[in-house]
Amino acid sequence: MSEPLDLSTLDSALRNALSRLIITLADSKRLMGIRYSDWTLGAPSIETGVSTASMAQDEWGHARLLYAMLKGLDIDPGPVEYDRSGAEFASIAPLDHERGDWAGLVALMALADGALSTMLRSFAVGRVELAQNRVPKMLAEEEYHASLGSAWYRRLAETEGEARDLLTSASEEMLPALLAWVGADDASARAMVDAGVIDPAEDRLAAFRNAVRDLVSLVGINVDAVHAATDWDEARGRTGGRPDEEACERARGDRNRALLVE
Amino acid sequence: MSGGRDLWSAPLDEPPEDRVQGTWNLLQEVLDPEIPISLPELGLIYGVAYENGVARIDLTFTATACPCMEFIREDITDRLELEHWIDSVELVEVWDPPWTSERITPEGRDKLKKLGVSA
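Chains as they are written, first to last, in my numbering: chain E, 1 to 262; chain R, 1 to 119.
Calculated from the structure, these hints are not laboratory results. Any given hint could turn out to be false.
[Claimed, not checked] Heads up, simulated SDA-like pairs for lysine to any residue below, C-alpha to C-alpha not over 25 Å straight-line:
1) K71/E x T62/R
2) K71/E x E90/R
3) K71/E x P97/R
4) K111/R x G43/R
5) K71/E x V92/R
6) K71/E x V94/R
7) K71/E x A63/R
8) K71/E x R73/R
9) K71/E x C68/R
10) K71/E x F71/R
11) K71/E x C66/R
12) K71/E x W95/R
13) K71/E x A65/R
14) K71/E x P67/R
15) K71/E x M69/R
16) K71/E x Y82/E
17) K71/E x S8/E
18) K71/E x Y46/R
19) K71/E x L91/R
20) K114/R x S9/R
21) K71/E x E70/R
22) K71/E x D58/R
23) K71/E x T77/R
24) K71/E x V54/R
25) K114/R x C66/R
26) K71/E x D96/R
27) K113/R x C68/R
28) K71/E x S88/R
29) K71/E x V89/R
30) K71/E x S188/E
31) K114/R x S38/R
32) K71/E x E74/R
33) K71/E x R84/E
34) K71/E x P98/R
35) K71/E x N16/E
36) K71/E x E93/R
37) K114/R x A63/R
38) K71/E x F61/R
39) K71/E x G47/R
40) K71/E x R56/R
With these hints in hand, go ahead and build the complete structure from the sequences.
See below:
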């Protein structure tokens, strides 16, 4: 394990880059939980619905731990979690909208959740001690998501007709944004690489492509030939767009905030 | 109130000579809210320290989104603070090493087995 960074001595550029990474991961986990929970009722089987409920729970646990990491940078996670507008959310683009079909959720599970795990693996072996300590538990829980996502992806890919077509189009839609995010090589990402917080962009990209190459080839996609999206937003650490307002209200817990009892 | 309080005894008449071991003993009375084995038996307690009336407990949870987190925190705090030699409890949430079922003690496994639960 790498020598931990002293977070209290980071220069402002690295501090901002690290907070951007943490917020992107945390926001994505929170939105991923919402997207899973949308299918708790209505999944193809009761068992699968229970699985989405369990995965939603995991994702919200991961979000909780990630937001709390901001304290290490002297950032109060409360306003970040509860007071930001949808335009300020930094979750990855494939989570912006509810998936209207099961194939879309399977693509999210296998590809978007997989991209998050790729970044978390890189973060876990870097020099941020909070990540070294917390992320391995998240990744252990993610193993089940990856197994289920892979199994469903293969099952749908082997069909002929609508299910396979929907899986293909969802995968084609998601991959450019995911490649842009995992392979980000802007000044913030490079600052983190130079400081040993995460692996170099080419290593992260290779890890992600290796993780999904065989799966997406089942629907005729060559991940090595897919180009990253070009609408990168360096300030937010994601590609363009924003999550829908309803998801943001749910992520913040707006409706029941008055009932929160500490 | 959770099932974590089912085995609580009355406060000790005298403080234990070894406050750390005494604290561990008290934690043996705090059960997981969902299954009737203690938190140490479940392997959730990673460390105990005691100094000047403050008991510090390093604990983890079986999952990052364990729905019983608040119950467990309250049960630990309330049980320990029953003792007149413990003024306050400091709970430190730790995730390293990650909890797995391998951390369940042999005693915990025996109890679970009697309940028909394999671990």
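Need the status of pair K113/R, C68/R: alpha-carbon distance at most 25 Å?
22 Å, holds
Quickly compare the C-alpha distance for K71/E and E74/R to 25 Å and report which way the hint goes.
Since the Cα atoms of K71/E and E74/R sit roughly 23 Å apart, the hinted pair holds (cutoff 25 Å).
For the pair we were handed, K114/R and S9/R, check the Cα-Cα distance against 25 Å.
Between K114/R and S9/R the Cα gap is close to 23 Å, so the pair holds against 25 Å.
Tell me if the straight-line CA distance from K71/E to S8/E falls inside 25 Å.
11 Å, holds
Is it true that the CA of K71/E sits at most 25 Å from the CA of E90/R?
18 Å, holds
Need the status of pair K71/E, W95/R: alpha-carbon distance at most 25 Å?
16 Å, holds
Restraint status (C-alpha distance of K71/E to C66/R at most 25 Å)
Measuring from Cα to Cα gives roughly 21 Å; hence the hint holds.
Is it true that the CA of K71/E sits at most 25 Å from the CA of D58/R?
The given pair, whose Cα atoms are some 19 Å apart, holds under the 25 Å limit.
Given hint S38/R paired with K114/R - CA-CA distance at most 25 Å:
15 Å, holds
Pair hint outcome, K71/E versus A63/R [Cα-Cα no greater than 25 Å]
Given that 25 Å is the threshold and the Cα spacing comes to 21 Å, the pair holds.
Would the hint linking K71/E and M69/R be met if the CA-CA limit is 25 Å?
20 Å, holds
Does the structure keep K71/E and P67/R at a Cα separation of 25 Å or less?
23 Å, holds
Hint compliance for this structure: every hint is met.
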